[in-house]
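Listed below are the residues making up each chain.
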Amino acid sequence: MELAAIFISAVLVQNFVLYYFLGICPFLGVSKKIDSAFSMGLAVTFVMSITAVVSWLINNLILIPFGLDYLQIVSFILVIASLVQLVEMFIRKISPPLYQALGIYLPLITTNCAIMGLALIAALNEYSFVETVIFGFSSGIGFTLAIVLIAGIREQLDLADVPEPLKGAGIALIVAGIMALAFNGFIGMLT
Amino acid sequence: MATKSIGQEYLKGLWDENPVFRQLLGMCPTLAVTGTVITGMAMALATTFVLIFSSLVVSSIKKLIPSQVRIATYIVVIASFVTIADQFLKAYFYSISEALGPYVPLIVVNCIILGRQEAFSSKNSVGRSLIDALGMSSGFVLALFVLSAIRELLGAGTFLGYQVMGPWFKPWIIMILPAGAFITLGVLLGIALLIESKTKRSQ
Numbered sequence: 643m644e645l646a647a648i649f650i651s652a653v654l655v656q657n658f659v660l661y662y663f664l665g666i667c668p669f670l671g672v673s674k675k676i677d678s679a680f681s682m683g684l685a686v687t688f689v690m691s692i693t694a695v696v697s698w699l700i701n702n703l704i705l706i707p708f709g710l711d712y713l714q715i716v717s718f719i720l721v722i723a724s725l726v727q728l729v730e731m732f733i734r735k736i737s738p739p740l741y742q743a744l745g746i747y748l749p750l751i752t753t754n755c756a757i758m759g760l761a762l763i764a765a766l767n768e769y770s771f772v773e774t775v776i777f778g779f780s781s782g783i784g785f786t787l788a789i790v791l792i793a794g795i796r797e798q799l800d801l802a803d804v805p806e807p808l809k810g811a812g813i814a815l816i817v818a819g820i821m822a823l824a825f826n827g828f829i830g831m832l833t
Numbered sequence: 203m204a205t206k207s208i209g210q211e212y213l214k215g216l217w218d219e220n221p222v223f224r225q226l227l228g229m230c231p232t233l234a235v236t237g238t239v240i241t242g243m244a245m246a247l248a249t250t251f252v253l254i255f256s257s258l259v260v261s262s263i264k265k266l267i268p269s270q271v272r273i274a275t276y277i278v279v280i281a282s283f284v285t286i287a288d289q290f291l292k293a294y295f296y297s298i299s300e301a302l303g304p305y306v307p308l309i310v311v312n313c314i315i316l317g318r319q320e321a322f323s324s325k326n327s328v329g330r331s332l333i334d335a336l337g338m339s340s341g342f343v344l345a346l347f348v349l350s351a352i353r354e355l356l357g358a359g360t361f362l363g364y365q366v367m368g369p370w371f372k373p374w375i376i377m378i379l380p381a382g383a384f385i386t387l388g389v390l391l392g393i394a395l396l397i398e399s400k401t402k403r404s405q
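Going line by line, the protein sequences match chains G and E. Start counting the first sequence at 643; every next residue gets the next number (the working numbering). Start counting the second sequence at 203; every next residue gets the next number (the working numbering).
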């Protein structure tokens with residue numbers, strides 16, 4: 643696939659949140675304010691870009707040549723968990739301001755299924771190295787776009803009169819559904 | 203915790219602590235694979251298998267796990283059972299495995315499973331952990347069944363692949379799309395909260 647097509651597809655058409663339903667937990671949890679949603683998006687984009695590279699290397703240099711594909715799940719999850727830890731320590735050492743900005747969101751990413759999903763989907767689609775790098779970065783951008791948009795809507799929702807039982811997660815999911823419907827319109831861009 | 207009877211331990215997973223409707227855990231697979239009842243149930247059963255066996259293993263080796271590395275240990279245990287489930291589906295139910303795509307491997311990051319290990323199996327006996335795992339997975343199966351039945355019925359007019367709606371019925375395409383999953387779950391959450399507040403008031 644063309645690189646531009648991968649980028650557009652990951653950001654708009656097959657958006658991680660609105661198409662693959664990955665990363666719903668932070669999408670619902672950290673989307674009450676635009677600021678924190680943006681920081682979360684930044685942290686996810688950062689980790690996704692690194693994960694894409696590392697998981698590609700592991701998959702294509704170790705697992706496939708030695709016929710160990712069945713260890714994919716175990717090795718990916720362990721690598722991702724330790725990678726997030728490593729990135730966290732690294733940022734704290736190198737750039738305290740960035741660490742302040744990403745702060746508590748970094749550890750939360752370990753349990754974010756979007757990261758694991760990224761590694762698995764990239765392996766499933768058999769992307770080349772360059773394609774994987776683009777895919778990882780643009781998936782992060784797509785996640786950021788979705789979470790910032792919904793945070794903007796939810797800030798306005800605070801002022802609206804939402805029925806009592808739907809307050810919180812209920813209305814957020816319905817809003818996400820309407821957003822997914824809008825994003826559906828982008829499918830035409832790729833045909 | 204220990205004062206709960208076995209029955210209560212099981213039932214809490216079905217409603218009071220239902221993983222999907224009440225705890226909002228495991229949302230990704232819940233939304234992604236509920237387009238049809240068959241894929242939804244396959245996912246629910248695979249998750250049940252992983253949850254039960256992970257709980258059994260974790261609760262029986264809980265004294266051997268150093269607390270610093272407990273999360274990593276749980277993840278390795280869970281990932282092993284997910285691998286078994288994944289390979290089993292690929293070998294015997296290839297078409298279902300294809301339909302579920304990356305979501306079977308993704309059971310490994312399903313927060314329900316890790317959450318139960320951390321919150322329950324690491325502190326309770328093997329028997330209680332088994333009951334707890336059974337209850338939680340029944341709750342998960344229930345949630346996925348309701349969601350996928352609604353989506354398949356309205357989105358395709360079928361149930362388990364059989365036509366149930368008459369020829370007058372025009373399928374609501376939106377229910378098959380991701381948008382339908384979000385909206386249906388949002389409405390279901392609202393209904394669950396409504397029922398909860400009604401029963402609380404009547405008590």
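Derived by calculation from the structure, the hints in this document are not laboratory data. Where is the CB? At the ideal position from N, CA and C, for every residue including glycine. Treat the hints with care, since some could be wrong.
[Said to hold, decoys possible] Stretches of chain G that chain E covers, calculated by requiring three or more beta carbons in the stretch to come under 8 Å of a beta carbon on chain E:
#, segment
1, 666 to 674
2, 682 to 695
3, 772 to 783
4, 795 to 801
[As the list claims (entries may be wrong)] Calculated pairs, DSS-like style, for lysine-lysine (alpha carbon to alpha carbon, straight line, at most 27 Å):
#, chain 1, residue 1, chain 2, residue 2
5, E, 325, G, 809
6, E, 402, E, 206
7, E, 325, E, 206
8, E, 400, G, 809
9, E, 402, G, 809
10, E, 400, E, 214
Going through the hints against the structure:
1. 666 to 674: holds (count 3)
2. 682 to 695: Check failed, 0 qualifying residues.
3. 772 to 783: This one is violated; 0 residues, fewer than the three required, reach chain E with a Cβ under 8 Å.
4. 795 to 801: violated (count 0)
5. E:325 <-> G:809: violated (34 Å)
6. E:402 <-> E:206: holds (20 Å)
7. E:325 <-> E:206: Between residue 325 of chain E and residue 206 of chain E the Cα gap is close to 14 Å, so the pair holds against 27 Å.
8. E:400 <-> G:809: holds (16 Å)
9. E:402 <-> G:809: holds (18 Å)
10. E:400 <-> E:214: holds (18 Å)
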